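J.: Given these sequences and hints, build the entire structure.
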Amino acid sequence: MSEIVLVIGKIFLMVGLAFDLLGCIGLVRLPDVYNRLQASTKCVTLGTCFILFGTFLLSDFLWKSILAIVFIVMSSPTGAHAIAHAAHRSGIKLWEKSVVDKLKEDKK
Amino acid sequence: MMTNIPLIFSLPLIICCFLCLYRVFRGPTPADRIVAVDILGILVVGFCALFTIFTPRKFFMDIGIAWAVLGFIGALALAKYLEGKGFDE
Chain V
1 MSEIVLVIGK IFLMVGLAFD LLGCIGLVRL PDVYNRLQAS TKCVTLGTCF ILFGTFLLSD
61 FLWKSILAIV FIVMSSPTGA HAIAHAAHRS GIKLWEKSVV DKLKEDKK
Chain X
1 MMTNIPLIFS LPLIICCFLC LYRVFRGPTP ADRIVAVDIL GILVVGFCAL FTIFTPRKFF
61 MDIGIAWAVL GFIGALALAK YLEGKGFDE
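From first to last, the protein sequence lines stand for chains V and X. Under the numbering used here, the letters of the first sequence match residues 1 to 108, in that order. Under the numbering used here, the letters of the second sequence match residues 1 to 89, in that order.
In short, the hints are calculated from the structure, not lab data. These figures come from a predicted structure and were not determined experimentally. Note that CB positions come from ideal geometry on N, CA and C, so glycine has one too. Incorrect hints may have been included.
Unchecked claim - Restricting the straight-line Cα-Cα distance to at most 25 Å, the calculated cross-link-like pairs of lysine to any residue (SDA-like) are:
#, chain 1, residue 1, chain 2, residue 2
1, V, Lys42, X, Val44
2, V, Lys104, X, Pro28
3, V, Lys64, X, Ile14
4, X, Lys58, V, Trp63
5, V, Lys104, X, Lys58
6, V, Lys104, X, Glu83
7, V, Lys10, X, Leu7
8, V, Lys107, X, Pro56
9, V, Lys10, V, Leu62
10, V, Lys64, X, Phe47
11, V, Lys64, X, Pro28
12, V, Lys97, X, Arg33
13, X, Lys58, V, Leu67
Claimed, not checked - Pairwise CB distance ranges, derived in the manner of DEER restraints:
#, chain 1, residue 1, chain 2, residue 2, range
14, X, Phe54, V, Leu94, 51 to 59 Å
15, V, Glu3, X, Arg26, 17 to 25 Å
16, X, Thr3, V, Ser2, 18 to 26 Å
17, X, Ala66, V, His81, 19 to 27 Å
18, X, Val24, V, Met14, 32 to 40 Å
19, V, Val99, X, Ala77, 30 to 38 Å
T.: And the structure:
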C-alpha cells in the first residue's frame, strides 16, 4: 500500500513539473501581454497544485500542503485578473492580430 | 553511476525560473515584468514543496504558504501601481 502511494506521488510530481515547464515556455514564446498571462498563470497554477498534491502523498500525508493548494487556487487567478485589468486600463495595446476586445466595447 | 534524484526533480523548475528571468529582463511593457514576477512567486512555492519532500525538515511548507499569500498581496499592489492609482483608493 505504501509503495503504491509513493509511486502515485512521484507521478503527480512529474505531471506538475511538465505543466510548469510548458507554462513558462508559453510565457517566453507568446506575442502579447494578455496571451502570456493566460498561458502562464493557468498552467503554472495547475502544475504547482499537482506538485503540492504529490508532496501531500510523498511526505506522510502532510495536511499543510492541502492548505497551500487552497491558497494558490484562490489567490493566483485573482491576482492575474487584477493584473490583466490594470494592463488594459493603463493602455497597453493588444497584439495586432487579435480579433475581439470585449472590455473596450463595454466601456463605449 | 550515481544519480542525484532531487537535482533531477528540481531541474525543470530551475529552467522555468531562468525563462521567467528572461521575460523580466526583456519584457517590452511593465505588465510583462509584473506577470513574470508573479509566476516566479508561484514557482518558489513549488521549490518549497520539493524541499519538503527531499530534506527531513518539514517547515519549508510553512514558508511556501506564507510565500503564496505574500505573492498575492504583491501582485495586487503592483497591479494598482500599474493602473496609476494611489494605494488608498
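J.: Taking the numbered hints from earlier one at a time, note which ones the structure violates and give those numbers from smallest to largest.
T.: 5, 8, 11, 14, 15 and 18
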